[in-house]
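So the sequence lines, in the order shown, correspond to chains A and B. Position 194 of the first sequence, counting from 1, maps to 194 under my numbering, and the rest follow consecutively. Position 131 of the second sequence, counting from 1, maps to 131 under my numbering, and the rest follow consecutively.
Just so you know, these hints were derived from the structure itself, not from any lab. For clarity, every value in this text was computed on a predicted model and none was experimentally measured. Wrong hints could be hidden among the right ones.
Here are the computed distance ranges between Cβ atoms for each label pair [stated by the list, open to error]:
id : chain 1 : residue 1 : chain 2 : residue 2 : range
1  : A       : Val75     : B       : Asn165    : 44 to 52 Å
2  : B       : Asn51     : A       : Gly21     : 25 to 33 Å
3  : B       : Gly60     : A       : Thr83     : 33 to 41 Å
4  : B       : Gly6      : A       : Arg142    : 45 to 53 Å
5  : A       : Arg142    : B       : Ile17     : 24 to 32 Å
6  : A       : Ser141    : B       : Leu36     : 19 to 27 Å
7  : A       : Ser141    : B       : Leu128    : 38 to 46 Å
8  : A       : Ser188    : B       : Ile178    : 31 to 39 Å
9  : B       : Gly124    : A       : Leu134    : 38 to 46 Å
In this text, a Cβ means the ideal position worked out from N, Cα and C, and glycines have one as well.
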Amino acid sequence: MTEEHQHTLALEVRDLTRAFGVRKALDGVSLELPVGAFLSIFGPNGAGKTTLVKVLTTLLNPSSGSARVLGRDVVSDAVDLRTHIGLISHNPLLYPDLTAEENLLFFADMYGVEQPHVRVSELLEAVELDHRKLDLTRTFSRGMLQRLSIARALLHRPEVIFLDEPYSGLDPHAMDILDGLIAQIRDSHTFVMISHDLDKGLELCSHALILAKGRVVLYEPREAIDDAAFRQTYRSTVGMGVS
Amino acid sequence: MASASGRQLRAMLRKDIVMELRTKEMIMSMGLYSLLTMVVYFVALSQAGSNFDPRDIAAGLLWLAFIFTSMLGLNRSLVHEKDQGCLEALLLSPVDRPVIFFAKAGGNLIFLLAVEALTLPVFGFLFLQGTHLDWGSIALLPLILIVGSIGMAGVGTLLATMSVNTSGKDFVLAMLFIPLMYPLLLGAVTATGGAIVGGAQGVSVFWTGMGWVVGYDVIMLLASYGLYEFIVGA
């Protein structure tokens, strides 16, 4: 693979396997995703979607095979890679006994964000939580927590943003804010999103992946996807059970 | 890189202290448990008779209380991180895993020392009133408390990280922590006993015990440092 080709790839996954004991959560997954793409990952529960994202975000080591994000190996270049990626999960990943501002300032310190107070104010305003910045996050609603979680994930201006069912439990207003934020940065970032919502996932994506039992069932660019056939393939995986 | 690690370590320590000052969960539960243990000791030993010299067992009583008290706090410190996936957020940030270990162990050490500072005067009041004390050697007590607590906080943080994802985390932590504390307990009780008894022989015993505890700290902290990345990634 040429150096030029590597720089155009956000994800390079080669024969990736992750086992928990004898159970393979990922079994020989291979894919490439260009920089600037939006990948939607679909699959039934237990298909290996979250495990794939955890490996790509350096939270889990692969059992075999390799994965590179922006040309960086998820194992050997993990610390460097973490400065280039962000994760918005269905879990808010925030400390309930810190205020909204303290949470963001803490993570700004962890990432070495320059002018942290300015950046934090900017993001609190973007997610419409500046009026609640001094409140403990344990007093926040689910939607507010998710909005703050989006601000946390964008603090260090990551180039690749992983979204693990980000719309789960959001009210329509919070969904609009998330849509707006994604739209604002869509062109300059690469997105990898796990979703159970076929309509939403297909609406946003440039590439779609269906996983089942830890294996790739389908991986195609959006323009090559026939929606009806895609839905039929997805439905056929739902009964396949866990890996 | 070193300055980044220092900044991250300070941020984590500050965060733990702010959260603890706000909730007082660890300090309250550890402090209350430690004080109640002193009261239970006092009641249990009140019928020991006039020939009983509490200095003979004072060191053991103290360290038993500290060991059990520390287990309460160690579990709480990691539970905070598990709440709402905070540990995951921490692991996603560009921080070397040993920095997380030192920050968590540092926080646990501060809270443990605060509880010990609260317990020690109560212990002295209940058990050592009217006994002859060599104040020169008693002044060595803070030293062994600090050095012993470093080992407890370090090993405890490692084991709490291992056990936090298990279903019976309290049980798992106790099963791992108490056997691993045995060498430290032996050295710390020896040194503390030497400091309480006092005199030239007591001071000599103190330094022997201190040697054990310092050796334990160095070995266990190096092992914890080396193992932490593997444990949080498992």
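Against the structure, the hints:
Hint check: A:Val75 to B:Asn165, Cβ distance near 21 Å, so the stated range 44 to 52 Å is violated. Between B:Asn51 and A:Gly21 the beta carbon distance is about 60 Å. The supplied range of 25 to 33 Å is therefore violated. Between B:Gly60 and A:Thr83 the C-beta distance comes to about 50 Å, which lies outside the given range of 33 to 41 Å. At about 36 Å, the beta-carbon gap between B:Gly6 and A:Arg142 misses the expected band of 45 to 53 Å.
Range check, A:Arg142 to B:Ile17: Cβ separation about 29 Å, and the 24 to 32 Å hint holds. The given range of 19 to 27 Å is broken by A:Ser141 and B:Leu36, whose C-beta atoms sit roughly 39 Å from each other. The hint said 38 to 46 Å for the Cβ distance between A:Ser141 and B:Leu128, and at roughly 54 Å that hint is violated. The beta-carbon spacing between A:Ser188 and B:Ile178, approximately 54 Å, falls outside the hinted interval of 31 to 39 Å.
The hint said 38 to 46 Å for the Cβ distance between B:Gly124 and A:Leu134, and at roughly 43 Å that hint holds.
Going through the hint list in order, the structure does not satisfy hints 1, 2, 3, 4, 6, 7, 8.
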